[in-house]
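From first to last, the protein sequence lines are chains A and B. The first sequence: position 64 = 63 (numbering that gives the first Met the number 0), numbered continuously. The second sequence: position 374 = 373 (numbering that gives the first Met the number 0), numbered continuously.
Warning: the hint list may mix true and false statements.
[Said to hold, decoys possible] Think about it this way: if two alpha-carbon atoms lie no more than 25 Å apart in a straight line, the pair counts; the simulated DSS-like pairs of lysine-lysine are:
1. 313/B x 454/B
2. 41/A x 78/A
3. 41/A x 485/B
4. 20/B x 89/B
5. 399/B x 454/B
6. 41/A x 478/B
[Said to hold, decoys possible] Using C-beta positions, here's what the derived DEER-type ranges look like:
7. 87/B x 15/A: 27 to 37 Å
8. 31/A x 12/B: 36 to 46 Å
9. 19/A x 331/B: 27 to 37 Å
Hints are computed from structural coordinates only; laboratory data are not their basis. Please read these numbers as outputs of a predicted model, since none were measured by experiment. Every residue gets a Cβ at the ideal spot worked out from N, C-alpha and C, and that includes glycine.
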Amino acid sequence: MLSQDDIYAELTLTFREIFRDNKIMLRPDSSPDNIAGWDSFKYVSVLVALEAAYTIELDGPELDHVQNVGELVALIQAKASAV
Amino acid sequence: MPKTSDAIDLFLAAAGAHAEKAAVTGVASGVSYAALEHLARQYAACFAAAREPRVLIALPRGTHAYAAMLGAGLAGGFYAPANDASPLDKLQRVARELQPDFVVAPPELAEMVRAAAPGARPIDPDEVAQGKAMDGDGQRHRIAYIIFTSGSTGVPKGVVVPRTALNHYVGWIHASGCVRTDDRVSQFNNLAFDVSVFDIYGALCCGATLVPIEGRFDRLMPARAIARERITVWTSVPTVVDLMMTGHQLTLANLHTVRLFTLAGEPLLRPHLEALFAACPDTVVQNAYGPTEATVTVSSMIMTATDYPAACEKAAVSIGPEIPGMCLHLHGGPHPDAGELVIVGPQLADGYWRDPERTAAAFRPVQIGGETYRGYFTGDWVERIGGLIYFRERIDHQVKIRGYRIELDEVAAAIRDCGWPSVCVFKLGDGLAALVECPDGEIFDADGLREALGKLIEAYAIPEHMLATGRMPRNENDKIDRAAAKALFISMGGHVPAAANPTSFS
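Chain B on its own, in the form it takes in the complex:
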């Protein structure tokens, strides 16, 4: 791994070296590196009115959002990206927690967000583009950005990512060849979802072209946008591959320009690989794993059409080895090849914004080879099989049913192994229930599934009641929304019979 450089400095160097090249292109956005640098400097000049400026950015994907991010870094501050499509209440909760100096948003939205942060100054993107620009290399704050995720109490949890962590990650993106200067990199992920960091910094810090996937239709039919925009590096959650399959878009004609698909943010499954390689036998797929608390991704499994089966264990796909400089440690398992995944290394976040208690609970000392390190305890239970690490379940998805300790994700994995890749298992009343996604044209046979599950898991772990839905509820990051899935299950009349005779499950 080469010496890491500051991401903002890398952007300035790229802008200097590729001034006339397209930095951002797309249906609504389009700007050269020189123009993007100038706009970033205009944002920096605005933000420099405050010391160590704290910037909340509520803009759609596009040139102004990227320039505001870079401008915050240049001005010696940091930013928090908010999903501009989120409900106002959520945006206000983020603003309340952050108490920013600036809110960058369209004027009407900025005013509404400021109701929760009255000290913040609204920044109208149209006015910034008319203002003066900052000269020089600026200053750097130790924090790069804060990503707010849903907290279990309803208060957003801000993950504070230091600049050193971002710099390490960006260094890996380029050293590994994930993004090269001649690439056209998709920007599909919403800005409040940290996988977008891969897209934005990966492209703009090495002179590649970033292509925001902006329109509603393009987001429904992303493979057509890939073809039109000649995307070479695609990044999204695996669910988007499902969407391409639904839209009959997984064709070589649509995807032939893509040299690398990076899939992250939720478990990648073997059927995703089979579909991608069937359409594009010459492409490469990367399964990237990582929590926001360790700066986007910390592992990488690179696969081709010929070698991917070796990375699969039934329906699961290995998360791969750690990236250079990071360490994945299995902690607290019954043997060294199973346990909670603990991450150590320079990409660890500082902790949670103004929440020392929660920070101390998740970031703890861990002993590895007789040495003590600061580790992030992910809550992800993993197994090492044949030297490869596989995600198994979330530890906090463990429930007790009639005295039996059951891992909900283990049950879900068994259902996936029976041929139903998208499933949500949850406790309902005194029992276990499952909502299974059954695509159009397929027939869901609950009794047949129950019989198949009997060969994989204990009888007490087989959900008493299973229903099928045409589409699993998903959140704004396209991950399965467990609360909405449970609500849908109940609205469909689903229930779990009372356990009158517990012995029948033994």
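Pulled out of the complex, with its shape left as it was, chain A reads as follows:
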């Protein structure tokens, strides 16, 4: 099973690349409220990158409830483990 630490590391690299900001440090409470420039387009790019990296397909009901990076990491961990 993938560890949350591994997912945070991968996700941090993804965010840094997409947001073009090497200083981004993701925390469980990271969200559009505290990461500058987090808009729909960036979020879609992150999701597409995650689907490709973990060979998973995200869908509506499960992602609609995700409020922050901590919940996103937990979702990826559950989906990737089920593959």
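Given the structure of chain A, go ahead and fit chain B onto it with the hints provided.
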């Protein structure tokens, strides 16, 4: 154009003819025509407690919002839709201007909105569904709805749309074949954005099925929702096509059910068409133009994969000919094929809510062929090339820089022609600046762009300072937010050097 019928009557007829068919379907909503009619009648019974009821609706897309709209019309009143996701302050400003008799919203939100309209009665959707229903055909108010848009003074500007205008528009939607009874029509646009009128009345007045795109994920990945819900008619601003491109969603597998994409609300660009037709060679794209003041859209350019290049002039796409019954007149230009677009015809709004001064400024007499008509002066500068009309710029986006009169949108159009489709040009200090959207993976070369612009526009019109952003700020209707773009530019350290030597720009 056939004789126009009342939109509420059309809905009642559709509900009678298709009682068991799905009127609304989706992840969270789902109701038959018979059930939607019953709910609309329950709302009408509530609203009928007031004479000519004035209804503010602050609900998300879905069955209750649509039923409240229809119920207001049935009860002899009119409604104003508010974006329930707007900041409370904005909702309260709308309520303050409208002073509604009823606020339809979840209880907590209704109470907060009523702080600005203490005379309004809160209507809890859950309670309406338990109440009695109105019988009969009801009454009709001359006003259909009021859409509040951002006013330049910070006070929302209410565009008053009469029922005759709505009826004409709905008549065109059906006569043109944009929506048919067997369609599944998307409802992506927020309810306070008047393009949603196309979705809601277009579908529900002819027995088609309306599909609200409700969830956050579906709104991020709309093409997947299209595939899942088997949407046949899609309507949105062109920016949503950009979003689909970003999400790698523009595929035939996702979009094969769509027979018509209607794109409206902001300029459609050739790259949008290229991307859509590359994915779906058999679909049809409609570029629809119109201000809220002329009831959603007044022109239509229908394009297929084979004929769309003829509707393009560089990156711009023609807004197409006027719809039957409406007239597009070019006014005040240097020659008959350029000028401010003035709209004449039955879809014109009454004016602005309780603002006769602003109404008189925008809705003025215009001479066409020796006759005088009431026209709406759009503030949009257009050109007619080869018989097709192209949007060029907003007249109020004209600035003066070191004595030169510059059209900001003309500069933006030139930058788009250089391969950067999303751009915002604005005056900053004494000079001109541009924020350019540069998608991930592309490299923005400001010097190269400056050199390319030198072949298209005068040297004094080339922005002194240009910065790139991964994503252009957009407002809640997905249009470029000029104020936010300027603020972002400044926050990125952007500035315009003082014009120490104006002659260097001559």
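Taking the hints in turn, this is what the structure says about them:
no.	hint	result
1	313/B x 454/B	holds, 14 Å
2	41/A x 78/A	holds, 21 Å
3	41/A x 485/B	holds, 20 Å
4	20/B x 89/B	violated, 37 Å
5	399/B x 454/B	holds, 21 Å
6	41/A x 478/B	holds, 17 Å
7	87/B x 15/A: 27 to 37 Å	holds, 35 Å
8	31/A x 12/B: 36 to 46 Å	holds, 45 Å
9	19/A x 331/B: 27 to 37 Å	violated, 44 Å
Violated hints, listed in ascending order, are 4, 9; each of the other numbered hints is respected by the structure.
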